[in-house]
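Colleague: Read off the chains here:
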Amino acid sequence: MLTLLLSCNGGPVDCQELIGIEKDQCLRAEIQTLPATELSGVIERASQIEDFVIRGATISAWVEDHNHEINPQDGFPLCQLLNGKDLSRCQKLLLAAHLRD
Amino acid sequence: MYAGDDELFGFCMKDMYVGISDPDEAIELCAATGRWEADCRHSWVAARRDEGDLDTLVRVCGDEDCTLEVLDFRQDGDLDAELERCRDHLNDMLHHCVGHSYQRWALRSMDVEELERVKSRANGEPGVAQIIGKVVGCQGVGDCEGMAEFATKQCQAAVQTASTDYDGFCTVKNIPGSKSGKSPGKHKAPSPFNQQQGGQQGQPTTQPSGQPPTNVGGK
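From first to last, the protein sequence lines are chains A and B.
Here the first sequence stands for residues 1 to 101, numbered as in our numbering.
Here the second sequence stands for residues 1 to 219, numbered as in our numbering.
Calculated directly from the structure, the hints in this document are not laboratory data.
One should not assume that every hint holds.
Derived contacts from chain A toward chain B, CB cut-off under 10 angstroms, selection only [unchecked claim]:
| # | residue |
| --- | --- |
| 1 | Gln-25 |
| 2 | Arg-28 |
| 3 | Asp-51 |
| 4 | Ile-54 |
| 5 | Ala-57 |
| 6 | Ser-60 |
| 7 | Ala-61 |
| 8 | Glu-64 |
| 9 | Gly-84 |
| 10 | Ala-96 |
| 11 | Ala-97 |
| 12 | His-98 |
Distance windows between CB atoms, simulated [what the hints assert, rightly or not]:
| # | chain 1 | residue 1 | chain 2 | residue 2 | range |
| --- | --- | --- | --- | --- | --- |
| 13 | A | Asp-74 | B | Asp-53 | 37 to 47 angstroms |
| 14 | A | Lys-85 | B | Asp-53 | 21 to 31 angstroms |
| 15 | B | Ala-81 | A | Ser-40 | 45 to 55 angstroms |
| 16 | A | Asn-71 | B | Asn-123 | 31 to 41 angstroms |
| 17 | B | Asn-91 | A | Ser-88 | 18 to 28 angstroms |
| 18 | A | Asp-14 | B | Asp-53 | 47 to 57 angstroms |
| 19 | A | Ile-19 | B | Ala-3 | 18 to 28 angstroms |
| 20 | B | Thr-56 | A | Ile-21 | 31 to 41 angstroms |
| 21 | A | Asn-71 | B | Gly-168 | 18 to 28 angstroms |
| 22 | A | Gly-84 | B | Asp-111 | 33 to 43 angstroms |
| 23 | B | Glu-116 | A | Asp-74 | 41 to 51 angstroms |
| 24 | B | Thr-164 | A | Ile-21 | 49 to 59 angstroms |
| 25 | B | Asn-123 | A | Ser-47 | 48 to 58 angstroms |
| 26 | A | Pro-12 | B | Asn-91 | 41 to 51 angstroms |
Backbone N, C-alpha and C define an ideal beta-carbon position, used for all residues, glycine too.
Produce the complete structure using the sequences and hints provided.
Modeller: Structure below.
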């Protein structure tokens with residue numbers, strides 16, 4: 001679900017003005033709206049998410065939704081922001097022919 | 001901390017149920033992880049893929065990606081047994097399973113007898129002729145003769161491709177044993193997903209030149 005944060009004057013919030021979990025959630029919300037063509041923007045924002053659960057869930061979900069639209073080589077840097085099983089799963093989503101059908 | 005957000009809570013919990021011993025309980029708990037249910041069940045299965053009962057693992061898997069991974073892991077060197085398991089457990093991903101099995105077969109040290117045994121399927125099963133060609137080209141065993149014209153041509157093209165080894169197939173380490181159906185014992189064959197980084201090496205070997213075999217012998 002998209003969470004749209006509004007500042008006191010009603011305009012969209014700049015995530016860079018936030019800190020901690022609020023910032024992470026803001027970045028997550030932005031990433032959720034980005035298409036596969038904005039992969040570089042996804043990587044840039046995801047790398048700023050500090051909470052490992054928010055980062056992992058956000059990246060994993062985005063890759064799952066867009067894996068068939070991304071060149072594997074271009075997507076690897078995004079997967080590298082994950083650890084362990086989540087990293088493996090991310091790479092598999094990008095590489096495995098049977099998951100890109 | 002993540003209790004108010006189903007997606008985050010589920011992601012946090014999805015790997016927590018690996019230690020649950022009862023498969024039905026694991027299935028029930030994983031259902032509560034929402035969009036991560038498949039990952040959760042997959043994690044439970046992955047922790048037991050070399051020891052658990054195959055039917056139980058497939059049941060907990062609940063999806064064909066997980067099942068395919070288990071079958072890839074449980075290969076035992078017997079091509080026909082593997083193909084039968086593919087047919088028993090998969091539908092949408094059956095052709096991937098068959099392709100993986102034939103590729104593993106092609107990576108094993110081959111003799112002419114075994115090659116000829118499988119070659120007989122080339123006329124009726126798509127992709128087999130190309131696999132035969134890879135064996136002929138990479139291992140220098142047998143030839144492309146004795147098949148229908150179209151199959152012979154596919155085989156010969158694959159032999160030609162093997163001479164360049166553009167996909168690295170010839171240089172993948174051979175799996176010893178498995179001559180004429182003998183099982184070499186359990187081992188972990190090269191998986192299409194073992195190679196993870198960089199250029200061609202990062203590509204799964206599930207797509208040889210042309211299409212992988214899609215049919216299962218004997219069906």
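Colleague: None of the hints should be skipped; say for each whether it holds.
Modeller: Hint check results:
Checking A/Gln-25 against chain B by beta carbon gives a least distance of about 9 angstroms; that is within 10 angstroms, so the hint holds. About 9 angstroms separates the beta-carbon of A/Arg-28 from the nearest beta-carbon of chain B, less than 10 angstroms, and the hint is met. At a threshold of 10 angstroms, the smallest CB-CB gap from A/Asp-51 to chain B is about 9 angstroms, leaving the interface hint in force. Below 10 angstroms, beta-carbon pairs count as interface contacts, and A/Ile-54 has one with chain B at about 6 angstroms; its hint therefore holds.
The criterion of a C-beta within 10 angstroms of any C-beta in chain B is met by A/Ala-57, whose closest approach is roughly 4 angstroms, and the hint holds. Because the smallest distance between the Cβ of A/Ser-60 and any Cβ of chain B comes to about 7 angstroms, under 10 angstroms, the interface hint for this residue holds. At about 7 angstroms, the closest approach between the beta carbon of A/Ala-61 and any beta carbon in chain B falls short of 10 angstroms, and the interface hint on this residue holds. A least Cβ separation of about 8 angstroms between A/Glu-64 and chain B falls short of the 10 angstroms threshold, and the interface hint therefore holds.
For A/Gly-84, the interface hint holds, since its Cβ comes within 10 angstroms of a Cβ in chain B; the closest pair sits about 8 angstroms apart. The restraint placing A/Ala-96 at the interface with chain B holds, with a minimum CB-CB distance near 6 angstroms, inside the 10 angstroms limit. Look at A/Ala-97: its Cβ gets to within about 5 angstroms of chain B, closer than 10 angstroms, so that hint holds up. Satisfaction of the interface hint for A/His-98 is found here, the shortest Cβ-Cβ separation to chain B being roughly 4 angstroms, below the 10 angstroms cut-off.
A hinted range of 37 to 47 angstroms for the beta carbons of A/Asp-74 and B/Asp-53 is consistent with their spacing of about 41 angstroms. A hinted range of 21 to 31 angstroms for the beta carbons of A/Lys-85 and B/Asp-53 is consistent with their spacing of about 23 angstroms. At roughly 47 angstroms, the beta-carbon separation of B/Ala-81 and A/Ser-40 lies within the given 45 to 55 angstroms, and the hint holds. The hinted range of 31 to 41 angstroms is satisfied by A/Asn-71 and B/Asn-123, whose Cβ atoms lie roughly 37 angstroms apart.
Between B/Asn-91 and A/Ser-88 the beta carbons are some 25 angstroms apart, a value that agrees with the proposed interval 18 to 28 angstroms. For the pair A/Asp-14 and B/Asp-53, the beta carbons lie near 54 angstroms from each other, so the given range of 47 to 57 angstroms is met. Our hint of 18 to 28 angstroms for A/Ile-19 and B/Ala-3 holds, since their Cβ atoms are close to 22 angstroms apart. In this structure the hint that B/Thr-56 and A/Ile-21 lie 31 to 41 angstroms apart at CB holds, the actual value being about 40 angstroms.
Here the CB-CB span from A/Asn-71 to B/Gly-168 is close to 19 angstroms, well matched to the stated 18 to 28 angstroms. Taking 33 to 43 angstroms as the suggested C-beta distance range, the pair A/Gly-84 and B/Asp-111 conforms, at roughly 42 angstroms. Under the hint 41 to 51 angstroms, the C-beta atoms of B/Glu-116 and A/Asp-74, about 44 angstroms apart, fit the expected range. Checked against the hint of 49 to 59 angstroms, the pair B/Thr-164 and A/Ile-21 passes, with Cβ atoms roughly 53 angstroms apart.
Distance hint check: the CB atoms of B/Asn-123 and A/Ser-47 are about 54 angstroms apart, consistent with the given range 48 to 58 angstroms. Checked against the hint of 41 to 51 angstroms, the pair A/Pro-12 and B/Asn-91 passes, with Cβ atoms roughly 46 angstroms apart.
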